[in-house]
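Trainee: Use the sequences and the hints to build the structure in full.
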Amino acid sequence: MISVSGLLGQTFAILLALLLAPLLSGWVGQCRAWLQSRSAPPLLLPYYMLHKLFHKDVVLANGASSLFRAAPFVIFGCMVLACAIIPSLSTDLPLAPAADALALVGVFGLARIFISLAAMDVGTSFGSLGGRREMLVGFLAEPALLMVIFTLALTAQSTSVATIVETMARRDFVIYPSLAFAGIAFTFVSLAENARVPVDNPATHLELTMIHEAMILEYSGRHLALIEWAASLKMYAYSCLGLALFFPWGIAAGDSFAALVAAIPLLLFKLAIGGFLLAVIETINAKMRIFRAPEFLGTAFLLAVLGLLVRLLLESRV
Amino acid sequence: MDFFVIMLFIPLVSGALLTVVGEREWAPNLNIIASFGTFLAAAGLTVEIVANGPRFAFGEHFFIDSLNVFFVALTAFVGLTTSIFSGPYMRNEREHGKLTAARLRLYKSMYQLFMFTMLVALTTNNLGILWVAMEAATLTTVLLVSLYRTPASLEAAWKYFILCGVGIAQALFGTILLYFAAERVLGQTGNALLWTHLVEVKGQLEPAIMALSFIFLLVGYGTKVGLAPLHNWLPDAHAEGPTPVSAVLSGLLLNVALYAILRCKVLADGAIPGEFAGNLMMGFGLFTLLVAAFFLSRQKDVKRMFAYSSIEHMGLITFAFGMGGAVANFAGLLHMTMHSLTKSAIFFAVGHATQKTGTQLMEDIRGLIRINPLIGWGLMLGTLAILGMPPFGVFASEFMILTYAMKHHPWATPVLLLALGVAFAAIFGKVQPMVFGETEAKRLPHAPAITPVFLHLGIVLMLGLYIPPYLTRWFHEAARMLG
Amino acid sequence: MNVAIPFSAQLINLFASVILLLGFAMLAQRRVLQLINLFALQGLTLCLSTVVAAVTTGQSHLYWSAALTLVLKAILLPWILHRLVRRLQVKGEVESLINIPTTMLVGIGLVIIAFNVALPISQLSHTITRGTLGIALATVMLAFLMMITRQKAITQVVGFLAMENGLFLAATSATYGMPMVVELGIALDVLVGVIILGVFFFQIRDQFDSLDIRHMERLKDS
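Protein sequences appear in the order of chains C, B and L. The first sequence begins at 291 in the numbering used here and counts up one residue at a time. The second sequence begins at 199 in the numbering used here and counts up one residue at a time. The third sequence begins at 1213 in the numbering used here and counts up one residue at a time.
Okay, the calculated beta carbon distance ranges per label pair:
#1 Phe536(C) / Trp1291(L): 36 to 46 Å
#2 Gly1321(L) / Ile465(C): 25 to 35 Å
#3 Arg1243(L) / Phe547(C): 56 to 66 Å
#4 Tyr1275(L) / Arg347(B): 38 to 48 Å
#5 Trp1291(L) / Pro332(C): 52 to 62 Å
#6 Ala241(B) / Ala1279(L): 36 to 46 Å
#7 Gln447(C) / Thr394(B): 47 to 57 Å
Stretches of chain L that chain B covers, calculated by requiring three or more beta carbons in the stretch to come under 8 Å of a beta carbon on chain B:
#8 1321-1333
#9 1349-1360
#10 1364-1372
#11 1380-1386
#12 1394-1403
#13 1407-1416
No wet-lab data here; the hints were simulated from the structure. All residues carry an ideal CB built from backbone N, CA and C; glycine is no exception.
Mentor: Structure representation (structure tokens):
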């Protein structure tokens, strides 16, 4: 039974995601600039970017197939769906049954496949290089992410994101070493998935090291705008997922409208902190060579598996 | 007068004393006198136990019964004869420039400390202390194995330390699990590791924990016994260390480690229904026997070969105890005694032989019978004895083990016969030309000590022909304790 | 599922997990000095967990064990090892025989085995810290793996000592510590062992001009 407030919350969550995602990117960029003693770009820079790109004409490469043109929409759609089913404000989401945590990983995977295919579609060397690297990262990151989700799903006895978050929010304050491991693993995976510093650098176009930027070199105009928007949505989705899973306090559980409203400032606050921490991580770490990325993600996988095992051994009480 | 206290006191004090006084003319004699004192005390203790039955010492921390007093007597005896043997042997090594005064001092004090740790391991009632003493025995001998400081001896000592360290860590885990099981029955008292308390409640110990604990204990102490596949340290340590050290390692340390397993087996048998512990030991024993037998034929170094022979016999003894029952245990104990005496006698003979010829390679040792008939005959007779030729005592014990195995575990007989046959062919074929044959070796500056060789062989021969009734009673008593 | 676990047990579980994690970190660490620091950290964590166990159970001998751990495992042994490394001028890099990700995967396999072995047993325990028995066994196995895969003598010794850490964790977690006599004896053995090894390192280096145990492969049965 879909309640009115549920429908309202769902719509609200999607709208908020669409609106807040570029802001989050801008905020991280600004924090990074502060930490690195550079003069900060305006907070709203991503919005200007999107505005500019939407007003430009699309230039298509010769030989670009329909896949190349469809990909940005698919990717954008995937990310919106992801944001819709991740409980950022409320766990009462009518769309939640559409995808559980495993399917969520699949949604991200679908987006990844499309962006890689599109990158290879034109046939430039950078595109296929980026696509290959993206698949490598994804290939290593996905198992780790799944392991993290399994650890949490074991606690909640369910793979539905909403149920997991509800369980997490309601539990007593208990130190779970498994959650700590899972949390660190999740952070590693998020960094890799969102093309952040130790794995990739979003601010550079240095040809030999880039992953994400290499894939979207051929895009322009509204296609590029959608992809950029999708990228920031992805970061927003991961941030919200991490916050919801590991710091779930304050997310509205029922259909109370007041709780929903109260959840907004808390979410903003948590996102601000999270963005700042991301900037800190990006500042104190150097980008590693691409060959080290498997080691980095292997560590994430290891931590996630350890979390799972520790969860089974230490915390499985009757 | 408490013989027990004196027995522990002498090696400890003389070890310290030998460190302080350093290498003097009379230091080897002090070593012998101390060992003799230990032996006398051990003999006194044995008489006392045989007459009055088991007793405690230092509260309940030490416990001496007919089982371990037998090992104590054996240890003290071989300790004495080895010290007699090592006197001239080590002097010769020094004359050859292989050892310095400082290292001789190290050798003597470590030798006494080694005796001390073994006696503690044998008599302690606390399974934790047993572990500590076993580890200490390793530590005291590591530096003895590397006494020559040659690359090969260092490598051997390193392997010895690391492998035994790993093994003994497994044993500690086993001990912890044992304590864990015991603590559920006996509670949080200091008594939960005391063997005498454990044995009273062995039926109540949790079988699952005890099974795991025994596996770890068997693997751990088994490393020190030389059970395959963790036997690799043993040939190296025997071949590269000084010969007296090889003699005590083979003759005593392996026994003590096996004794530790036996004590644990009694507990495991009480707790675990079925023949779990026994089957495990039989499996390890047979495997060890086979591995050692086939490695025997490939050896070129004489000490290495006899080290493998020790592994082989340890496998046989483990198998015997694994079969269990009064007869097999009796045979196992008898074989331990025989092996210990014979193998140390062989090492004494081999030590002098290698010193005379200046090599350990068997193909370069020829015609011992011409250089020194006593050494030649000693080696020959010792070899015949260890191979189980009648009338030596080894024959009696091997025969008992074999017949018992044929009766109760016929499937194992072909394996046993095969292994013993291969070992026989390998050792005899190599020792024969060493003893007889042409040579041109020169005299040694110090006359070798032949007495220990023939003393040991004489006892082995006597026990093969006639076991005195009190000894039989004693063995029976000990075998009964093992269940 | 939320049967309340006492706070102290949570803390001990946390420390145990950290010890396990450090075990993995040591497995992956290439540099000798960093390795020794990790070992010291492991000793410190072990000490903390023992203190928590001592406070919870009020068993006074656990305080002594904790103090012993702190002095021996977190301070004295790392200090000796540091000195040795400096005196022997061991090169910074330690290479391992198989590459690190493979080692890690083997390590995970070992942890699974250890947990499986320990699970039925820890169910039998009544101590609050019973779950850590599996972690202790896993730590022992990881240390064992480290000893197998490493080639430098010092790394092997650190592995050996890490194994002792795991055993100690097992002793405190499963049974609230062994009797004091035994613990003292074990500590003494470990200390003497390390000192002997220290002497030994110099002998090895003098003979082989290196602490790489690959040089020590001559004694073999062809």
